[in-house]
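Colleague: Go ahead and model the full structure; you've got the sequences and the hints to work with.
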Amino acid sequence: MRRALQWCTVAMVLAFATGPLFSQVVTSLRPDRALGGGETPFAWSLANYRGALEGRALGRSLLNSIAVAGATTMLCLGIGSLAAFALAKLRFRGKGLWLGGALAISMFPAIATVSPLYLVIRALGLRDTLGALVLSYVTFALPLSLFLLTRFFREIPDAIYEAARVDGCTPLQAWWHVGLPLAAPGIASTAILVFIFAYNEFLYALTFTSSPEMRTVPVAISLFASNRVEPWGEIAAASVMAAVPLVLVAIVFQRRIVTALTQGAVKD
Amino acid sequence: MQRARTEHTEKAWAAIMMAPAVLVLAAVALYPTLASIWLSFHRLILVFHEQRFVGFENYAFLVKDARFFGALGHTAYFTVLSVTAELVLGLGLALFLQAGPPARTLLRAAILVPWAIPTVVSARMWAWFFTQQGDGLLAALGARDIAWLGTPGYAMHAAILVDVWKTTPFVALLLLTGLVGIPPAIYDAAAIDGASRLRTLFRITLPLVRPVFVVTALLRALDAFRVFDVVYVLTEGGPANTTETLSVYAYKTMMRAGDFGYGSALSVMTFICVLFLAAGYFAWARWEENR
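Residue numbers (the working numbering), protein chains in the order written: chain A, 1 to 268; chain B, 269 to 559.
Hints listed in this document are in silico derivations from the structure and should not be mistaken for laboratory results. Every residue gets a Cβ at the ideal spot worked out from N, C-alpha and C, and that includes glycine.
Footprint (simulated), chain A over chain B, 3 or more residues, beta carbon under 8 Å:
no.	region
1	295-307
2	440-452
3	483-497
4	521-532
Modeller: Shown next as structure tokens:
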């Protein structure tokens, strides 16, 4: 009896969590005419995928999203891991203040930085470029990287760092030869998280790009409408293509993501 | 002497290693936020090439702007309702996961699905459900003839529903780490004392998970208060501005009306509200500590 109840709950949670995406997959495979009527329930086609990719250049948006999220991740992990290693292992005062500052910045609402960033980007001639997006994504991705990486570097025993120093490593060499290799799993978790957050970003991408060639996936999907009727089949196909890679990443790296998410939020 | 010198060089190295991150953050986050405050004291309309200092004029307009107070109310309503629902459902889910249900690995993977889907995509997905009038999920639940996204009163709840769907798993995972952190010895002691399961839940589990619960609530509230994506994609603030939140109103003022001065004033107000939320939390945490 108890077991049956548990299975019932499991089924409900599974349906709640995956049902909408599943039904979206089904919708995307139905030819458009079948959507309204439902004459031929078993008809299916890839027409919606073709429409989304060819008619609406979703492929370009997917590439843009991956490029922007990838560049943001590299940049933030590069300069973030340097600073985080210093915060975790070097001896100096005021560390709490720096970390607290980064944390405070991560809580700024994005809308509060939009107008000046827009003016700066316009002045630099970066409007409607992917560079503008990388620049603005740093505002949330760098504090997140700093915060997570500091925690992962702290897990390396001080003795190992001291030993490297005694052997003549500068702190910079210690970061490269000791910090990065030993914290590799944590760095990977951080990279996945930063990538997902950057891939999902919408407000900056909507504000700083204007031409269809520069759109990221969220912007492309939000603007996916024809002037007559909502092309639901194509929207569904685009949604599936946008979501499935991330869902797969999330499932494959489930443990890493959960560790990083909970590290960031709960341990303080 | 030797030691003092090492500490000295460590400090220099720390400065070198932290400089790139600090400079970049100052340039892309700190400066724009301060500039936003500065802009809010200006009349700044890009298309007219107009920029002049107007002091508190924008704020004088703001305190009489019914649309601003409407947006503030919608944002607060969205925040309170979605965060409450997420915490209640998330706690339930976390307790269920902790109890060692069948298919645990599958469950943990499945609940990450809504979290991993970009907000814009999930909003679009749900928009499809909300506009299906003939058949479909909501019709099956008896909501057949309601145009969810076009009816004031319903549209906001549609946005809340999407947010709850997306974020409950995240909340559950955070709360689960809190639950896992409770030492098993405490449960053993309660079992030996013959405490009932309900009593164990209310006397041990919930009080001990409370610190994590409160941090989660704060994180979610700060996040929900800046809500933009869900609402913008579902309704763009409509119908009749009934779902317009502060971020959406500020965005429209800046990017549609081109009024950067007043838009900045609106975003500064959003920022101040978020600060108050955070300050409230820290005041509460201090009070709790000294109790």
